[in-house]
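Model the full structure from these sequences, guided by the hints.
Keeping their order, the protein sequence lines are chains A and B.
Using my numbering, you'd call the opening residue of the first sequence number 1 and step up by one each time.
Using my numbering, you'd call the opening residue of the second sequence number 1001 and step up by one each time.
No lab work stands behind these hints: they were computed from the structure.
The model shown is predicted, which means the values in this text are computed figures rather than measured ones.
For each residue, glycine too, the CB sits at the ideal point set by N, CA and C.
A couple of the hints might just be wrong.
Stated by the list, open to error - In silico DMTMM-like links for lysine to aspartate or glutamate, alpha-carbon gap of 25 Å or less: (1) B:Lys1310 - A:Asp23; (2) B:Lys1272 - A:Glu394; (3) B:Lys1289 - A:Glu365; (4) B:Lys1239 - A:Asp27; (5) B:Lys1243 - A:Glu323; (6) B:Lys1043 - B:Asp1096; (7) A:Lys355 - B:Asp1288; (8) B:Lys1310 - A:Asp27; (9) A:Lys17 - B:Asp1288; (10) A:Lys17 - A:Asp32; (11) A:Lys2 - A:Glu232; (12) A:Lys65 - A:Glu244; (13) A:Lys177 - A:Asp300; (14) B:Lys1239 - A:Asp369; (15) B:Lys1243 - A:Asp23; (16) B:Lys1351 - B:Asp1322; (17) B:Lys1312 - A:Asp369; (18) A:Lys17 - A:Glu78; (19) A:Lys17 - A:Glu37; (20) B:Lys1243 - A:Asp27; (21) B:Lys1351 - B:Glu1392; (22) B:Lys1243 - A:Glu394; (23) B:Lys1161 - B:Asp1036; (24) B:Lys1272 - A:Glu326; (25) A:Lys285 - A:Asp198; (26) A:Lys285 - A:Asp152; (27) A:Lys320 - B:Asp1244.
As the list claims (entries may be wrong) - Anything over 12 Å on all C-beta distances counts as not near chain A; from chain B, calculated: (28) Gly1019; (29) Ala1185; (30) Gly1344.
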Amino acid sequence: MKTICFYFQIHQPFRLKRYRFFDIGNDHYYYDDFQNEEIIRRIAEKTYLPGNRAILDMIKTSGGKFKVAFSISGTALEQMEIYTPEVIDSFKELAQTGNVEFLAETYAHSLASLGDEEEFKQQVKRHQNKIYTLFGVKPKVFRNTELIYSDDISELVYQMGFRGMLTEGAKHVLGWKSPNYMYSSIMQPQLKMLLKNDRFSEDLSMRFSNYSWNEYPLTADKYISWIASTPESEQIISLFMNYEVLGTLNAAETGIFDFFKALPRFAAEKGISFSMPSEVFSLLKPVDSISVPYPMSWVDEEKDCSSWLGNVLQQEAFRKINEIGERVRLSDNRRILQDWTYLQSSDHFYYMNTKRGHVGFSPYENAYDAFNNYMNVLSDFIVRVTALFPTSIENEELNSLLTTIRNQGIEIEQLRKELTNTKKKLEKKLTTE
Amino acid sequence: MKALMFGWEFPPHILGGLGTASFGLTRGMAMQPDMDITFCIPKPWGDEDQSFLKIVGVGNVPVVWRDVDMGYVSERLGKYMDPQLYYDYRDHIYADFSYRHVNDLGCIEFSGRYPDNLLEEINNYSIVVGVIARAEQYDVIHAHDWLTYPAGIHAKSISGKPLVIHVHATDYDRSRGNVNPDVYAIEKNGMDNADHIITVSNLTRMTVIEKYHQDPAKVTTVHNAVEPLSPEILAIQDKKGVKDKVITFLGRITMQKGPEYFVEAAAKVLAKAPNARFVMAGSGDMMDKMIRLAASRNISDRFHFTGFMKGKQVYEVLKASDVYVMPSVSEPFGISPLEAMQCGVPSIISKQSGCAEILDYAVKVDYWDIEAMADAMYSIITYPAMHEFLKEEGKKEVDNIKWEYAGQKVRRIYEQVMNK
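Given below as structure tokens:
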């Protein structure tokens, strides 16, 4: 019995406005509201709303057989709350069917797992809380930014209490192994993993509307028969992709929605079911462990992290944010913490990409432009952070000082209470006497 | 005395220092009461200040006879020149150029910039000058920079009037020694045919004598000067939003300007003075490389790139600066430190720049001496007395460098060549 595990990634960063040298110290608002609103509205129109409608429809018509998982970043959720609250409502509706699972990830879709453990943990917790407040479910399965994974990250994820994780089935890691089984981390055998099936996922994300593909046009019938013809023992087909596959990467006219709607029927014919990741994790046992000493991701040919941290510009920017992370977390200024989250989105680093033949979306003219703008913003942010506490005090000392102050505050509060209580008692005593 | 000048740019639409220098010099010369200047540029925009000279747009001079009426000419060219001039020029067309690409007025069009087909534009410029040289009355021909040398020679061969060429830069400066043979040939030919050569510094004078094999007696240095700042510019406020000290590089980010030495020195200063900030204003073919260099030195949060700056923006950057640095590897003159000093910004300049010859109250270092450069930056931002001294004295010094004096020197050269 085979099962298909669908998972869609949804993320929108807070893109930065043009921020010049003279703005440093003068202007503390960094975001291009116009562009952000325009983009999220456009994608909501083309993908989120029709996609959710289609999935709800599929769940209903299949009699609850169709199941999917979503991973929605915190920054995307915030933008939906501001600009397109109707999308949040439709996700709530999906959540109520019980056939949709929400995965945990870093709040800002950040690269913290590669540079700042503490930040990583905090962001994941914040994201879990956000999902819980919006949809009333606590995510149990973890999925890192762009499926970034390494042995060290698996250790962190395990420590945070997750027992299941989704990641890439990169060729250079798997070798002869098939991604269609469950694996476990070599560091933490208790942490089970589902690996993305590259071929079947990219059939939809890259090739579906490509006229020059020899399998064009792809029909649901053909697609399911491919999946059914995989060896008998291969039980899970993990189809991980951007939600934008529906409606944006493949426009509605390509027939992508009808393709999806036809999937449950053909799958049922071949005896293939749909599952959410947490179901698979509780049903199956890992067949083997995999070792990933260097981080991998689901991006580009190389399936590594060079799209975000490949050149000196990206490394410099990433180094700078990691340097101040500890100091930022000592602060309780809400605006600073908010900007801090937004500035960490991996997209800012992706725009600084200089890889040859690179064709991703970028609001900038080139990588250098992206870098200059980001560094100007970051410079202003650093000025604000360092203005909070004197730089002459080390982080550790500062932390203990802040704790002392906080404890003293609590103590004073307690003593005051005690004092009023005893006073009242005394008064009572006096009056009764 | 009447001078016919050939140039490539004229304010307010300028691409480099050549336009600024052309403007300043002609303005300084116009202070002499009997001086009459006709200045030719490829493409005027119509908003040039013509109060002290006459601007002729080479692209508005006909080389092919066209039967057009006065109304049409004044509609098309009225904003650039007196329409009657068009007919005067039309009477002096000297050959059949109808095989060249001309417009409805019989004029060759120019980009007025430095396009890829620059050599073709230079040649076209020279063709049109044949008409101007026949139509105008003048005593001396003055050609600014290599782009107009062929035109100068052409005018001289027509009228027999003496030719003075003005060397604002040579290809040795632009290329750090790897000269383009085409450009060198044009430069050398211009110098060989000139009656006198004016250079903007002794540094350039030595290049002209040694690399272009000119007779030292024929080469005279006339240093550039600066225009006094307008009240509008003086009123610009410092918009800097940070309390840090700002050290600025302003200019084209190219090999000639030595930007990499500035970045390296910045890294050294930041190791000792973390409160400094660096600004690299301008654009150029080495900009991306410099962004990478700053990133690999781990100073990008304190090293900012502004992109190309023009007009008022330049002064906004200067007003926000505490130190100005020009680490040029080879700079014929270099007008920008003078502008910085006018704004009261202490300057550090390389010994390899022409303006070092006339400035006493600027710090001078070898362009390659990163240690010395970092040292100078550090002391100016750290010791207020040093900053104050250079600011006050530097301002006094540049306020005495006037185009009027430069104009008088050029006048003496004119008289010398005319009496030969």
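Inset, instruction - Check the non-interface label on Ala1185 of chain B: least C-beta distance to chain A beyond 12 Å or not. - result: holds (36 Å)
Legend entry - Proposed proximity, Asp369 of chain A with Lys1239 of chain B (alpha carbon, max 25 Å): holds (22 Å)
Inset, instruction - Given the hint that Lys320 of chain A pairs with Asp1244 of chain B, test it: the Cα-Cα distance must not exceed 25 Å. - result: holds (19 Å)
Legend entry - Restraint check for Lys355 of chain A with Asp1288 of chain B, where alpha carbons must lie at most 25 Å apart: holds (15 Å)
Legend entry - Hinted pair Lys1272 of chain B and Glu326 of chain A, Cα distance within 25 Å: Distance of about 24 Å is within 25 Å: holds.
Inset, instruction - Quickly compare the C-alpha distance for Lys1243 of chain B and Glu323 of chain A to 25 Å and report which way the hint goes. - result: holds (22 Å)
Legend entry - Distance restraint between Lys1243 of chain B and Asp23 of chain A, which requires alpha-carbon spacing of 25 Å or less: holds (13 Å)
Legend entry - Gly1344 of chain B and chain A, when compared Cβ to Cβ, separated by more than 12 Å: Since the minimum Cβ distance to chain A is about 19 Å, Gly1344 of chain B lies beyond 12 Å and the statement holds.
Legend entry - Pairwise hint evaluation, Glu1392 of chain B against Lys1351 of chain B, where the allowed Cα distance is 25 Å at most: holds (22 Å)
Inset, instruction - Below or equal to 25 Å on CA atoms is what counts here, so check Lys17 of chain A against Asp32 of chain A. - result: Within the cut-off at roughly 4 Å; holds.
Inset, instruction - Take the C-alpha atoms of Lys17 of chain A and Asp1288 of chain B, compute the straight-line distance between them, and say whether it is at most 25 Å. - result: holds (21 Å)
Inset, instruction - Compare the distance between the alpha carbons of Lys2 of chain A and Glu232 of chain A with 25 Å, and conclude whether the hinted pair is satisfied. - result: holds (8 Å)
Hint compliance for this structure: every hint is met.
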